[in-house]
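K.L.:
Each chain is listed here by its residues.
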Amino acid sequence: MRLLLVEDEIEIQSFLRSSLAEAGYQVEAAGDGKTAERLAIDGQFDILIVDLGLPDQDGITLILRLRQLGVRAPVLILSARRSVDDRVRGLEQGGDDYLTKPFALAELLARLRNLLKRNSPPGNEATRLRVLDLELDLLRREATRSGQVLQLTPQEFVLLEYLCRNAGRVVTRSMILDQVWGMRIQPDTNVVDVHIYRLRGKVDGKGQQPLIRTLRGVGYVLKDR
Amino acid sequence: MSSKTAKPVMHSAAWRISLWATLAFACGTMLVFVFLHRFVADDIQRRSDAWLSGEVEVLGDVAERTPKDALYGRVVGEVAELAGKEVPNKALSDSSENDSVFFLQTGKDGSLQLWVGAGNGEANLTAIQASRMLPDQPMDLHVSGFPTPFRVASIRMDDGSRIYLGLSERDELRVLRSLRLRFFLLWLLIVLLGFGIVFFTTRRMLSHVRRITEAAAGIGHSDLNSRVPTTQRNDEVAHLALTLNRMLDRIESSVHQLHTITDSLAHDLRSPLTAIRGKLEMSLSAATHGEQAEPIVSAIEELDRLTDFLNKSLDVAEAKADALRLSRSEVDLDELLRIMIDLYEPSMSEKGLQIRLQSGGPLRIEADAALIHRMIANLFDNELKHLPSACTVTIRLRVEDGAASLILEDDGPGFDAEVCLHLFERRVKGKESNGHGLGLAFVDAVARAHGGAVRAGNCESGGAQIAVTLPVVSQGHAGSPAAVMHGAH
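Listed in order, the protein sequences are those of chains F and B.
For what it's worth, my numbering labels the leading residue of the first sequence as 1, then goes sequentially.
For what it's worth, my numbering labels the leading residue of the second sequence as 226, then goes sequentially.
Simulated from the structure, these hints should not be mistaken for laboratory data.
Heads up, some of the hints might be wrong.
Said to hold, decoys possible - With a Cα cut of at most 35 Å, we get these calculated DSBU-like pairs of lysine-lysine:
{"hint": "1", "chain 1": "F", "residue 1": "Lys117", "chain 2": "F", "residue 2": "Lys223"}
{"hint": "2", "chain 1": "F", "residue 1": "Lys206", "chain 2": "B", "residue 2": "Lys576"}
{"hint": "3", "chain 1": "B", "residue 1": "Lys333", "chain 2": "B", "residue 2": "Lys310"}
{"hint": "4", "chain 1": "F", "residue 1": "Lys117", "chain 2": "F", "residue 2": "Lys34"}
{"hint": "5", "chain 1": "B", "residue 1": "Lys504", "chain 2": "F", "residue 2": "Lys223"}
{"hint": "6", "chain 1": "F", "residue 1": "Lys202", "chain 2": "B", "residue 2": "Lys610"}
{"hint": "7", "chain 1": "F", "residue 1": "Lys117", "chain 2": "B", "residue 2": "Lys504"}
{"hint": "8", "chain 1": "B", "residue 1": "Lys610", "chain 2": "B", "residue 2": "Lys545"}
{"hint": "9", "chain 1": "B", "residue 1": "Lys610", "chain 2": "F", "residue 2": "Lys206"}
Note that this is a predicted model, so its numbers are computed, not measured.
Given these sequences and hints, build the entire structure.
P.N.:
Listed below in structure tokens is the structure:
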């Protein structure tokens, strides 16, 4: 996957570059709009990350210009502004996504994956998800572990489904809140942790290998190996 | 517009101003008239007194010179009758008998000697005898059988007899009555006309003020581009409009400046925060041992708290300045609360808390979804953090006067008395609270930005109660005064 990173802050650019490379992306970086424009036209990129506050021009202007020039790759917008601009909202509806700084790496990676998935031709949507000995029947809304049916509430099933779809990858609390409950909030209480704790109690029975792991300071991961 | 102004016209300032102005004007003119009336009445009396004194002297003269023979009564009587025809202020009377003047002569013993006038003069004599007449000084005399009093002058003859000449005040009173009537009609006309003129001018003037008020009220929290209507004239109202517009210019520029500052502050803080967080995450993935990871994890958590604090501070600061930017969409509060309860219920029951929702079904409002989400999460976090176990939180949602009313009530210990007074101020928190004291200030800020309000206090049973009201339809849309006004023109 070829990725163009447009970010003027050197510090952020350098850590993003190495984390993205570690995640398997081929990263090219640009520090301003002019360079970005040149790189985007020459190289065939699968996805772009664009910071809104560029030294020579506004990030949105750059995205609109690139769209005019025929760049079709999806864009993840990074914004240091607090409130989401109406223009960003417009781009979001056009298939792009945004993330406010500071963000968790896991969330950045998840959003990139989503954008790429959205852009790829739709395959046959699986009706069953399988992670190790955990199996989810998406039609009957039923989860089994080693053949044993788990007694889950509908909400717990949605949460487990989300973890399964991201098996082996870290999901943060705000990602869970966004994807499972549809809210971009940052509660300063442990609401998500309690949901995970309860789910874990049902999924990871006695004597079984624990599947749901907590990565403190980062989030949760459903083990797939 | 007519339907709008028809009813409250009695309560309008224009009505009051014209009422008071007219009252003052009416009293003033009435006072002037009272003085004028007195002056005229005095003058008329002075003139009739002068006539009476003159005539009575002439009659006395005639009576003196006329020999006291058989013809005396006739001569003096005729002279008296002639005098009676020259009465001042005399009205044309239908009756042949002259009842406005009488002549009376008494003898030394006070008996009636000669009488000219209507009737036989007995009543007049009785009245004269009853009153103490001063010589050479005309005075009022009430005679029974006559509705109006007489003005009577007297003279004493050398032979001890007295001559009285009386003039009815009827004509004088008639003149004054007609003066009063004319004045009253004219006064009424002027007062009504004055009232009308004052009322319509003030109403016209104040309608400009009202238009300015309505337009100014329409300029809501988020809409600072509009201006109040100005007029071409160069009066106080036009100045008011101009001043208001200049003030709005200044406010708009301050708000713009605030946005610039908060944006650049946010940007300048966020970039290093992003870099720090990224680096910490990278070193966290590199750290293999638990002891190495622990400080990094707590640093990341601290950083996230700092970010949250930064966001809330800036939101509260902007909202305090009425500068919070909203992007509105339809939000169903009932659905949102159910999702929130679903999210918070496990944490609450873990702590031994119960949560109940009393709602009358879907309640859609026009609001900034992200802010409303965060506001409600704040309220729930608040309950979760501060309530001791075994308490119940009751949430009531309903429509009240066109606004959504959301009430959170618990049966916990309530707010501290000292905190209670400053609940919505920044940095105010209870002694045991470990938050940054922005929670309720943020809730208040969001509600205000949406044109709503928050009330907080302790309910009678002792628990805390927080009531949030949010308008169902945002200001500046349908139903605003400005929209109604434009529709009517």
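K.L.:
Compare the structure with each hint and give your call.
P.N.:
Here's how the hints hold up against the structure:
1. F/Lys117 x F/Lys223: With a Cα-Cα distance of about 22 Å, the restraint between F/Lys117 and F/Lys223 holds, given a limit of 35 Å.
2. F/Lys206 x B/Lys576: Satisfied, since the Cα-Cα distance of roughly 25 Å is no more than 35 Å.
3. B/Lys333 x B/Lys310: Holds, at about 28 Å.
4. F/Lys117 x F/Lys34: Distance ~29 Å between F/Lys117 and F/Lys34 Cα, so the pair holds.
5. B/Lys504 x F/Lys223: holds (24 Å)
6. F/Lys202 x B/Lys610: holds (27 Å)
7. F/Lys117 x B/Lys504: holds (28 Å)
8. B/Lys610 x B/Lys545: holds (25 Å)
9. B/Lys610 x F/Lys206: At roughly 32 Å apart (the allowed maximum being 35 Å), F/Lys206 and B/Lys610 satisfy the hint.
In terms of the numbered hints stated before, the structure departs from none.
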